[in-house]
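Q: Residue-level listing of the chains:
2 protein chains.
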Amino acid sequence: MNTLVVELGARSYPIHVGDGLLERSDLIAPTLPGKDVLIVTNETVGPLYLDRLRKGLTEQRVETLVLPDGEAFKTLTTFSQVVDALLEHRFSRDCALIALGGGVIGDIAGFAAASYQRGVAFVQVPTTLLAQVDSSVGGKTGVNHALGKNMIGAFHQPGAVVADTATLATLADRELSAGLAEVIKYGLICDQTFFGWLEQNIERLLARDSTALTYAVNRSCEIKAQIVSADEHETGHRVLLNLGHTFGHAIENALGYGEWLHGEAVGAGLSIAARLSTRHQWMSDEDTQRVDHLLVHAGLPTTLPGDVSPSRLLDLMKLDKKVVGGAVRLILLKGIGQAFITADFDHELVLDILEHQT
Amino acid sequence: MNTLVVELGARSYPIHVGDGLLERSDLIAPTLPGKDVLIVTNETVGPLYLDRLRKGLTEQRVETLVLPDGEAFKTLTTFSQVVDALLEHRFSRDCALIALGGGVIGDIAGFAAASYQRGVAFVQVPTTLLAQVDSSVGGKTGVNHALGKNMIGAFHQPGAVVADTATLATLADRELSAGLAEVIKYGLICDQTFFGWLEQNIERLLARDSTALTYAVNRSCEIKAQIVSADEHETGHRVLLNLGHTFGHAIENALGYGEWLHGEAVGAGLSIAARLSTRHQWMSDEDTQRVDHLLVHAGLPTTLPGDVSPSRLLDLMKLDKKVVGGAVRLILLKGIGQAFITADFDHELVLDILEHQT
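From first to last, the protein sequence lines are chains A and B.
Per my numbering, the first sequence starts with residue 6, numbered consecutively.
Per my numbering, the second sequence starts with residue 6, numbered consecutively.
It is possible that some hints are incorrect.
It does not matter which identical chain is used: a pair holds within one copy or between any two.
[Claimed, not checked] Think about it this way: if two alpha-carbon atoms lie no more than 30 Å apart in a straight line, the pair counts; the simulated DSSO-like pairs of lysine-lysine are:
no., residue 1, residue 2
1, Lys60, Lys339
2, Lys40, Lys323
3, Lys327, Lys339
4, Lys60, Lys323
5, Lys40, Lys60
6, Lys40, Lys327
Everything labelled a hint here was simulated from the structure, so no lab data went into it.
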């Protein structure tokens, strides 16, 4: 087991990464303020792992809530069901929520923890690669709105993140690839060496080599923890973590949530960001080819879904949370490992790339 | 105009109290991060004051949302309507909400500001006595749930509070009395001198004497600002501000939200807290009589509504946010101006008092 710390003063918390951590209730129990615990999971993950997680929590009063699986359920309605459960069990302010599942479960349960009685404790137990390397770390919680992704939410840090890499064994291939999109993103943002390692080890990752997966999760969490520690509420540098996401969110929204996985949309978004960077002559064509090559190798799309119009995507991008004073800002690349934010890009070029990327 | 500051480091903000402040857009404009502003108000307040508030905001793009009036609408559904409006106007993270109205409007708009894109700016323009002396100050936002009051919400501080005491002229008598419950509460918690002043000046306040009202609002805000500055997230001393509220929330819930005004329920709650304190011999009977006398004089109930059963109230009290480890904690009195919190009270005595207070 490896343990990192997200340094946030009084809100600092550990990220534990390792094989077989689901049963390590000693990693969770010290973060619980009281006896009452609600485990929130979904219909896919619950049958596989709920019992193993529950087993260790013998000192607590543990209740469970099993939600339907999928991004389509990341709504205010589902959030409301979590609050209903907390109130029906008469949980008080010293209760805690445990999110057992992927990014959707973590985001919903985290927002419920942020909002229930104006804030209670929670623990992230991510079971997908995407959740382990990205969504469980950093305190972003929330739900989608018909008009935009993650539009309703809160910054609410967990008390701990417990990432059991053994759970990745049961992950669908498509989910594994989706998680790799976020892993590749970290290399692109700030770590050329890690990007090179991913190019060398993509086959091992796809074959679920435990050592390779653990290394990738650890390195991703290290990068994310460092960025979040320096900028908890995304007033500066943290915005770089959104590389590929402005395009990705627009794709998800245009297709309807759940059609493409979030990571798949981010994969296509990374490709678009790379191409736009090259068209602006900020990054070499060779680097963009490396990006596309790795994405394809990882089983990710680099082209847009055929039934989405470029002008609709551009329109949806204006709903992005990075818009300031009406101006869309994009995270682009000056090279592999060198992301930056700019509002000074050519909208015609974006449209041109979108039109030719189907 | 008098200006106080709630000292909260980087989140410090001013409370402006005075006659005719609605048109003082210079008090609001500096706190707005961008051009986009949504004023949230209700059907009662909007027709009276919306134009006067809007008039000064000439540099902004101002949109408005008029909600139905009343505690019954302080729900997740109404919150969702505010978010809908923000998204329909395509407001980005640099927008701001202005809450123009009473406590319900402030709580809903504040929670929407806390949650929209994980947090945007907001300004409180309270138009009821209750909102001016209590709910607009301190950053508590949220909505009710069928199973409990303010169960879903966030701590989210405003950028400024602008309390125009001239708006109290149009307040219904019942609303004025409801606000006085919170004013009386401050005297009871920690300021015997202020309580004495209220006994002397209650007639002037009911007659809406501008000088008396301004003094009462100022003194109340001073006390609240001081307590909130020392304990923003209610981990300690701030809990005393809930004097009368455990009983009050249970009454509101039992009757159905909107039947009694929040301040009326708090009035009855203050009376119950005083009686229980006297029965425990923590406070003199004379002090309890002074409390009841002032409440009655202020037009507030000191007895329970007839159709609510004491056992149901006790049951509802267990849903209170101050419950820790299953134990109900009450704010009680060691004298006028000396509130304290305790879990060490006699439940049979509570039941007895509730049974004889109808």
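Q: Provide an ascending list of the numbers of those earlier hints which the structure does not satisfy.
A: 1
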